[in-house]
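Based on the hints, put chains S and U in the right spot on chain F.
Chains as they are written, first to last, in the numbering used here: chain F, 1 to 240; chain S, 1 to 356; chain U, 1 to 250.
Keep in mind that the hints are not guaranteed to be accurate.
Claimed, not checked - Subject to a maximum C-alpha distance of 25 Å in a straight line, what follows is the list of computed SDA-like cross-link-like pairs (lysine to any residue):
1. U:177 x F:89
2. U:177 x U:95
3. S:122 x F:231
4. S:290 x S:218
Claimed, not checked - To give a feel for the contact side, a few chain U residues facing chain F, derived at Cβ under 8 Å:
5. 77
6. 79
7. 82
8. 180
9. 184
As the list claims (entries may be wrong) - Pair ranges (Cβ atoms, derived):
10. U:58 x S:125: 55 to 65 Å
11. F:222 x S:136: 38 to 48 Å
12. F:219 x U:58: 28 to 38 Å
13. S:143 x U:51: 48 to 58 Å
14. F:230 x S:129: 22 to 32 Å
15. F:186 x U:42: 48 to 58 Å
16. F:38 x U:218: 50 to 60 Å
17. S:315 x F:233: 41 to 51 Å
18. U:92 x F:219: 18 to 28 Å
19. U:218 x S:260: 58 to 68 Å
20. S:217 x F:229: 39 to 49 Å
21. F:222 x U:51: 21 to 31 Å
22. F:186 x S:125: 24 to 34 Å
Think of the hints as simulated: they come from the structure by calculation, not from any bench. In this text, a Cβ means the ideal position worked out from N, Cα and C, and glycines have one as well.
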Amino acid sequence: MHAMLAAGGPVIPSFGKSSSCVQDNGAFCFDWIRDNWDSTFQPALISHLKLTVIAVGIGFVLALGLALLAHQRRWLITPLTLVFATVFTIPSLALFQVLVPISGLTVLTAEIALVGYTLSILFANIITGLREVPAEVRDAARGMGLSDRQILFRVELPIALPAVMAGLRIATVTVISLATIATVITVQSLGGPIFEGIQNDFKTKYVAAGLLTVVLALVADGLLVITQRRLTPWARARRA
Amino acid sequence: MEKKNTAQEEGASSYPSAAPLEFRNVVKQYPGSDTRAVDDLSFEVPAGEICVLVGPSGCGKTTAMRMVNRMIDITDGDILLDGKSVVDRNPPELRREIGYVIQQIGLFPHQTIAQNIATVPKLLGWDKDRIGTRVDELLDLVSLPNDMGSRYPGQLSGGQRQRIGVARALAADPPLMLMDEPFGAIDPINRERLQDEFLRLQAEIRKTIVFVTHDIDEAIKMGDRIAILREGGILAQYDTPDAILSRPADEFVAQFVGVDRGLKRLALSHLGEIELAASNGQPADTPRAKRDASLRDALSLMMASGHQQIVVVDDNDEAVGVASLELIAGVLKLPNGSVTAPKKKTASETGETAAP
Amino acid sequence: MGARAEGMTLPVGDISAPFTFLWDQWDSQVRDNVLQQFGYWGAAMAIASVIGLPVGVWLGHLHRGSFVAINTSNIGRALPTLGVLAVGIGVFGLTFLNIVFAFAVLAIPPILTNAYVGVDSVDPDAVEAAKGMGMRPREVLVRVELPLALPLIFAGLRTSALFVMATIPIAAIVGGKGLGEIINNQASFRLSGVIGAGILVIVLALGVNALLGVVQRLVTPRGLRLSGADARGDAPAATTVLPTTATPEQ
Numbered sequence: 001m002h003a004m005l006a007a008g009g010p011v012i013p014s015f016g017k018s019s020s021c022v023q024d025n026g027a028f029c030f031d032w033i034r035d036n037w038d039s040t041f042q043p044a045l046i047s048h049l050k051l052t053v054i055a056v057g058i059g060f061v062l063a064l065g066l067a068l069l070a071h072q073r074r075w076l077i078t079p080l081t082l083v084f085a086t087v088f089t090i091p092s093l094a095l096f097q098v099l100v101p102i103s104g105l106t107v108l109t110a111e112i113a114l115v116g117y118t119l120s121i122l123f124a125n126i127i128t129g130l131r132e133v134p135a136e137v138r139d140a141a142r143g144m145g146l147s148d149r150q151i152l153f154r155v156e157l158p159i160a161l162p163a164v165m166a167g168l169r170i171a172t173v174t175v176i177s178l179a180t181i182a183t184v185i186t187v188q189s190l191g192g193p194i195f196e197g198i199q200n201d202f203k204t205k206y207v208a209a210g211l212l213t214v215v216l217a218l219v220a221d222g223l224l225v226i227t228q229r230r231l232t233p234w235a236r237a238r239r240a
Numbered sequence: 001m002e003k004k005n006t007a008q009e010e011g012a013s014s015y016p017s018a019a020p021l022e023f024r025n026v027v028k029q030y031p032g033s034d035t036r037a038v039d040d041l042s043f044e045v046p047a048g049e050i051c052v053l054v055g056p057s058g059c060g061k062t063t064a065m066r067m068v069n070r071m072i073d074i075t076d077g078d079i080l081l082d083g084k085s086v087v088d089r090n091p092p093e094l095r096r097e098i099g100y101v102i103q104q105i106g107l108f109p110h111q112t113i114a115q116n117i118a119t120v121p122k123l124l125g126w127d128k129d130r131i132g133t134r135v136d137e138l139l140d141l142v143s144l145p146n147d148m149g150s151r152y153p154g155q156l157s158g159g160q161r162q163r164i165g166v167a168r169a170l171a172a173d174p175p176l177m178l179m180d181e182p183f184g185a186i187d188p189i190n191r192e193r194l195q196d197e198f199l200r201l202q203a204e205i206r207k208t209i210v211f212v213t214h215d216i217d218e219a220i221k222m223g224d225r226i227a228i229l230r231e232g233g234i235l236a237q238y239d240t241p242d243a244i245l246s247r248p249a250d251e252f253v254a255q256f257v258g259v260d261r262g263l264k265r266l267a268l269s270h271l272g273e274i275e276l277a278a279s280n281g282q283p284a285d286t287p288r289a290k291r292d293a294s295l296r297d298a299l300s301l302m303m304a305s306g307h308q309q310i311v312v313v314d315d316n317d318e319a320v321g322v323a324s325l326e327l328i329a330g331v332l333k334l335p336n337g338s339v340t341a342p343k344k345k346t347a348s349e350t351g352e353t354a355a356p
Numbered sequence: 001m002g003a004r005a006e007g008m009t010l011p012v013g014d015i016s017a018p019f020t021f022l023w024d025q026w027d028s029q030v031r032d033n034v035l036q037q038f039g040y041w042g043a044a045m046a047i048a049s050v051i052g053l054p055v056g057v058w059l060g061h062l063h064r065g066s067f068v069a070i071n072t073s074n075i076g077r078a079l080p081t082l083g084v085l086a087v088g089i090g091v092f093g094l095t096f097l098n099i100v101f102a103f104a105v106l107a108i109p110p111i112l113t114n115a116y117v118g119v120d121s122v123d124p125d126a127v128e129a130a131k132g133m134g135m136r137p138r139e140v141l142v143r144v145e146l147p148l149a150l151p152l153i154f155a156g157l158r159t160s161a162l163f164v165m166a167t168i169p170i171a172a173i174v175g176g177k178g179l180g181e182i183i184n185n186q187a188s189f190r191l192s193g194v195i196g197a198g199i200l201v202i203v204l205a206l207g208v209n210a211l212l213g214v215v216q217r218l219v220t221p222r223g224l225r226l227s228g229a230d231a232r233g234d235a236p237a238a239t240t241v242l243p244t245t246a247t248p249e250q
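Chain F extracted, bound-state conformation (with noise of 0.2 Å):
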């Protein structure tokens, strides 16, 4: 495939302007990175944010809906837990593919497969988080007069919501790297710029867009650890 783009050269929109990085299709041209961001980055990242927010909130708000469900109908457990490890076996390249029929090629194709692969990991998150909360946490909390409601939301939520943010995180970086993929049905997202480049055999271009996506996976996970230390200070308090 290599063989073939070298044959016809790199396709580089140069318009006889460009600096002699692009003309030697170096990998950092950073000029040319500055020029076209509002052209081509940044229509990509905010897409691919989009995507993200969408994708992890709608499916954070239904793992947790039915991780509830679960814990109080205890015979769902099973069941549900198979379903969702099925759903995270499934290569993603190939759920894309499969669910465009369905759906065409649109963004709700891209998020329908980014919303199941959430799903999975939220749920057996949050069923574990809940699961790990002592039990004479909730025989004192029982005891002392709360009734089942209060016990949910005062005492065994508060406690696995190290669990849960830690599966928010495994859920986010994921989907900013299946977002990348989603590209190939033609759903913009930084995967865009990529596949592009590739095409073109535009090295900055690629390049450049692959790093933003690393960098923009480690920021969000970033931020959900900073977020998480902030909302759970008990979780990290150590006798002196």
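This is chains S and U only, laid out in the frame that chain F set:
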């Protein structure tokens, strides 16, 4: 030494500070089981007393305790708190009236100490200022510094957590406390300290307490009355520690309290309570002890030193009297009720015999 | 999407189509792709193990560098596959080795972190006893720590193996080979081909996971197996202790 008690101030919940508790033919049988975990259990705990439920494992003591606050349902019979049946009450509401302390404590790890303590008052709708004052009062009561309120349970030692567990149970000043092996997870040295402190606390606050333990020595130390249960949840004997030690109801009880029950009885009284002989011309190496030393310790000192007498001294080490081996041994022969430990001022003090 | 009426009723048409595809196209396409997958996979796993295992085991033995170990895992897990591939190829060119290196980078974190945690969390009493009996540090490592750490070490290896095998199809987007060539080419291979190749990827991924499981069984000392301690690493997705959760196949 009047300690403030904001719990008793205003409306939102004003219980009597201590209420009597009665078990009336209480039975617990789990569905699908032929044996009963608790069998026809009946006894009364007067307000302000500590009743210890003690017995070998499988005797149903914890089950019985947990039936009081409906953590376990009662199969038959009734439990009356302040004359009112617990079965008629809505469980969460009932439990807010009862202090609950368990062995592993169960502090909420995600909340500060202050928030933990404030749990029941918050449920009862107290306002913020009242809660804040009460938290400070309670930290004071269990001898912990006020700044501890902003820490998290993970930062505390086992002993500190234990005290917070007690403080949390006392927050709304409930008329009854249930304690299930509260000091069981603590090392022996700190356990003794906590027991002593708790008894001092009880002397101040005078709550009705049901205390579960498997340790007969702890039962004797802590209880105003002891209910010894045998396997199958059957009451073997219910009486004051002294009565049980001097007149065990049957072979099982006698074995449970131990062959050394005579010595255990001696541990219940101290030198200050008996009539001492005049001190005159004891040899110089005669052992000496203060008035608050127990008769058992006095006996031990005498035997270790090879003497048959012990000189009792006051705080200035001045002799106030002498106790002899016969005198102390004679205590064991006195009818129940003549020599009792002042720290346990129970109904039997006034000469009444133990409850049926 | 092709002239056939395939996608009109059920998206998969008839249920045996994917399998017929695999069967029919085995010699002309599928077999080569499978071999290419194993090529990438084997090389990536070898490099990742050679780097990740010694570093992880050593750090765990010294009980040092937990910050490094844990954060390697965090960062590694966060790396978007396509991004890493794009950067790798852009900087080093599109070759077999460069793709392999990109996957190795993604494979190292679970291997390293699990090796670290596995050795670091060996029962300190056992280590203490070993030292007390006169074993030298190296002997303690080889005779006590490594055997006891095997379950977690293998958990890391299996997580990586599954993840890498299932992620290799992505390489096709950037011009690499493997079953992604089929999956990414619905135009040529139709939906039945996409699904068929997809199923094959799942089978291969679970297969290497199971294979390593067998190896784990053979290598684990009998005593550990009997005590059930070898199941420590088995929970597939829900470990919240450490981010060894396999990310969905990409």
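Quick rundown of the hints versus the structure:
{"no.": "1", "hint": "U:177 x F:89", "result": "holds, 21 Å"}
{"no.": "2", "hint": "U:177 x U:95", "result": "holds, 10 Å"}
{"no.": "3", "hint": "S:122 x F:231", "result": "holds, 22 Å"}
{"no.": "4", "hint": "S:290 x S:218", "result": "holds, 24 Å"}
{"no.": "5", "hint": "77", "result": "holds, 6 Å"}
{"no.": "6", "hint": "79", "result": "holds, 6 Å"}
{"no.": "7", "hint": "82", "result": "holds, 4 Å"}
{"no.": "8", "hint": "180", "result": "holds, 6 Å"}
{"no.": "9", "hint": "184", "result": "holds, 6 Å"}
{"no.": "10", "hint": "U:58 x S:125: 55 to 65 Å", "result": "holds, 59 Å"}
{"no.": "11", "hint": "F:222 x S:136: 38 to 48 Å", "result": "holds, 40 Å"}
{"no.": "12", "hint": "F:219 x U:58: 28 to 38 Å", "result": "holds, 31 Å"}
{"no.": "13", "hint": "S:143 x U:51: 48 to 58 Å", "result": "holds, 56 Å"}
{"no.": "14", "hint": "F:230 x S:129: 22 to 32 Å", "result": "holds, 28 Å"}
{"no.": "15", "hint": "F:186 x U:42: 48 to 58 Å", "result": "violated, 34 Å"}
{"no.": "16", "hint": "F:38 x U:218: 50 to 60 Å", "result": "holds, 59 Å"}
{"no.": "17", "hint": "S:315 x F:233: 41 to 51 Å", "result": "holds, 50 Å"}
{"no.": "18", "hint": "U:92 x F:219: 18 to 28 Å", "result": "holds, 25 Å"}
{"no.": "19", "hint": "U:218 x S:260: 58 to 68 Å", "result": "holds, 60 Å"}
{"no.": "20", "hint": "S:217 x F:229: 39 to 49 Å", "result": "holds, 47 Å"}
{"no.": "21", "hint": "F:222 x U:51: 21 to 31 Å", "result": "holds, 25 Å"}
{"no.": "22", "hint": "F:186 x S:125: 24 to 34 Å", "result": "violated, 59 Å"}
Hint check: violations occur at hints 15, 22; the rest are consistent with the structure.
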